[in-house]
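**Student:** Please construct the entire structure, taking both the sequences and the accompanying hints into account.
Residue-level listing of the chains:
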Amino acid sequence: MTATPAAAAPFTTVIGLEVHVQLQTKTKLFCGCSTTFGAPPNTQVCPTCLGLPGSLPVMNRHAFDLAVRAALALNCQIAPVTKWDRKHYFYPDLPKGYQISQYDLPFSSGGWLEVTDPKGAFSRRVRITRVHLEEDAGKSMHDEVAGVADSRIDLNRTGTPLCEIVSEPDLRTPQEARAWLGELRLLLVYLGVSDCNMQEGSLRVDANVNLHIPRADGSPAKTPIVEIKNMNSFRSVERALAYEAARQWEEWQATGAELGSAPKQTRGWDDAAGLTRAQRHKEESSDYRYFPEPDLVPVTVSEEQVAATRGAMGPPPSMLRKELAERWAIPAYDADVLVNQGHDLVAWYEELARLTGDGKVASNWMQQDVLRTLNERGGSIADFPLAPAAVADIIARITHGDFDTSRGREIFAEALTSGKSVADVVAALGIAAVGDDDLEALCRELIAANPKIVADVQGGKEQAAAGLIGQAKKKNPNVNPARVRQKCIELIRRG
Amino acid sequence: MQPLDRTAIELVSAVRAGDLSAVDCTEAFMARIERVDGKVNAFLAVGRQQALDQAAAIDVRRRAGRPLGALAGLPVAVKDALCTTDFPTTCASKLLAGYRPPYDADVVTRLRRADAVIVGKTNMDEFAMGGSNENSAFGPVHNPWDLTRTPGGSSGGSAACVAADMTPVAIGSDTGGSIRQPAGLCGITGFKPTYGRISRRGLVAFASSLDQIGPLARSAADCALVMETIAGHDPGDSTSLVEPVPPYTQLLEEPLAGLRIGRVAEHYGPGLDPEVARGVDEAFAVFEAAGATVHEVELPHAKYGIPTYYLIAPCEASSNLARYDGARYGVRAEPGRGVRDQPGGSVRDYVGSFDSPLVEMYCRSRAEGFGPEVKRRIMLGTYALSAGYYDAFYAKALRVRRLIQQDYHRAFGSVDLIAGPVSPTAAFPLGEKTGDPLAMYLVDMYTVGTNLAGIGGISFPCGFTKGGLPIGFQLQGPALAEPLLLRAADRFQRLTDWHRRRPSLAS
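Protein sequence lines correspond, in order, to chains A and B. With our numbering applied, the first sequence has no gaps in its numbers, which climb one by one up to 499 at the end. With our numbering applied, the second sequence has no gaps in its numbers, which climb one by one up to 1822 at the end.
Hints are supplied without guarantee of correctness; some may be wrong.
To be verified - Straight-line alpha carbon distances no greater than 25 angstroms define the calculated BS3-like cross-link-like pairs of lysine-lysine that follow:
1. B:Lys1711 x A:Lys91
2. A:Lys91 x B:Lys1690
3. A:Lys456 x A:Lys477
Hints listed in this document are in silico derivations from the structure and should not be mistaken for laboratory results.
**Tutor:** Here it is in structure tokens:
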């Protein structure tokens, strides 16, 4: 099966997302255990998160406040009173036999998050149905050695605060879905709500998708909704949705099956095979027997608390992009690239822009040099070996005419690897400003040695002077090419 | 001095004064346990050495002039639903046989801090589900007044233990009457405080919104003493009350003048044994003689108490007991083998097809680990919470619960306390109701309202049947009326001697 390009598709893909985000708290939602990722199995547990007999939950107010922050950033309404419910199912990594979650009174609902493609391909406001808070389950690891199934359980993750964000089916292409998830992740990371690390499972996505196919009378035929699970990256989400849209299109052509003709199907994404597979029907027909959690009291949220949380929040990425573009007179595209790299990089950029006094030049250095280096070396801006002041120093010397930009890049690279200051690198490379007299002497020497070029320049072909620059750099690597060119032309003109 | 005859208040003060060593006190009760518990079966575990070691340490500290806790040297028995690190905690279930918790219940911590000596864990109905103690996986408890009869339940072991002088006080839990009813049937005093007054942390949950821990003792005064130690806010229990704990024993001395007691006509309906009715009426007369006035009050929704309770409690139980799946602790059924080799071979009963080894482990661990009453309630609760039934059962029960709460609230507008029988009959013979779960549920008819309303109640003996069985009297009070409940019961006990009667334990 080949994926039909969305632009050419004779249908609309209707996508809603369900995102689970682990909150960035030190301790779990209902006990004091650490949430640090990667500890040896079953070392971050206590009677409460193990669900031992007689243990009781106590809500972590910080987790709740973080969740409120996320919901406010998603433009949600915050409920003045919210409660907890138990969601029941049996699984060995769910130690109590139920998950403490929120059912009919989530703490927030009715929001939206907009995503705009920087190149203008799309702009979409996606409504948020609800955001609720719940506890994470543990992890099951299934080994199958020589035909003997062996399952092991790690309950370190059990009880980690988890925000569930449910969108309305407002997305229309897999690309939009991917971009929207990117925007959501950026927002949550900016707000310090979550590290949104998909590899560590702190952000997980399920997608609901179906097709609306126009009939002759203009009304849409709707294909059955499929929920896709097991997508481990935003790229997987995009691929899985594209695959699923194409699969549903083929299936509809073959069967004509419409929404409501069968129960909602769950399909798992197989990234290696690049396809979705139907999961066992049994896993989706659960009756969770929700009922109010009697071990916890309802949570009240006052308007003052909401205002305080709102006041303590920094600007969301969408606002920061506008602010950055205005403050430093950079194109929207530049602001987008910078903001998408996260809070720390923006702060680094702004320091550089301040020291340089030229937001655009600083932005160019960020994109061409700093970001490229980060991409090559890995790591974050926090680990970057150079301070904004060092890069500002290089830019200042270029502006002053000490050397050109390509020489500046060499200095940048050398400072990165050697760890020396810019001044030391400049000295070590023997870079020194070439005096006017030395420059003139050099240019006269070149003119004397290159009559052909001189003739060309005199004939009006000033670009011929470029031939002199290479020779000048060989004789003295410190010369500024622009000044060589200017001086040579001046001397030739003067005769 | 002979410790067995003394009240808890007397024992504590004798130990503090040096008139009685904690070791002698503990030894006396230990010897009593060893002498009579073979007949009663009140204990699932007894820790003779650890209790004596603890008592010896208390004596050393006293002789050194170091400070002692409020219950120093007082032997206490703890219901096996409360987690203890030094005793197994089984809830009288085969499923938790041998389970040893890694932490102490908050109540146990408070008792230890007060230097009480925990002598052992008491028998109970499995997971506190029952009113006769016959649902214990480790055999029923026998009523010390008549060993062929039930001590009541579910805290039957705690009640029988105190009635038979095996400890001066015991800790129980009350979800629908499980402290007050066995106290009534055993002729002792049992106190169920306001919901949240005592932390539930470490109490193995049966029905979380109804469960409440409380003391069982020979007198209201002794209950007041223990309450001062075990009551109080616990940040580890979100439902525990933050209100400060009053000095209950001191407040017993406050005058009781002008007490208005409510009498509920609904309590005298069908099912109430005439002998019990007579005993209760005589108790009313005692209060009137002491200056109280009796007023008729209505609890119009009381008649829905039992069905409401038997929906809410099983719903919560079906959820609370979901964790017993054999995966992490407790007893696990291995594929192809039973929990334990039982005569009759339970394995054969479960031969069939399971979807997976995991499902087989779940099904068989639970099928073999839980007793029939626990299974019945899990099934009732699971059914009532299921999609399509929730509104008709659970949600409706919650609405009726609110009406019952409102009934009490209204009644307490005109009276200070409500009084009546604890249970419709005196202790019934073991085996009498085991084949009829509905008849068994009705033994809770006068007690479940207290739990549904979240208020406090106390039961104490108010007479004896012609056959020599204790008759219980119950007082219910508004939320946080613990001082008044204890004071009223104490006043009654200053005027009567029913609570001083002791069974002969002859059989």
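**Student:** Tell me if the straight-line CA distance from Lys91 (chain A) to Lys1690 (chain B) falls inside 25 angstroms.
**Tutor:** 20 angstroms, holds
**Student:** Run the distance test for Lys456 (chain A) versus Lys477 (chain A): straight-line Cα separation, threshold 25 angstroms.
**Tutor:** 19 angstroms, holds
**Student:** Quickly compare the C-alpha distance for Lys1711 (chain B) and Lys91 (chain A) to 25 angstroms and report which way the hint goes.
**Tutor:** Since the Cα atoms of Lys1711 (chain B) and Lys91 (chain A) sit roughly 20 angstroms apart, the hinted pair holds (cutoff 25 angstroms).
Hint check: no violations occur; every hint is consistent with the structure.
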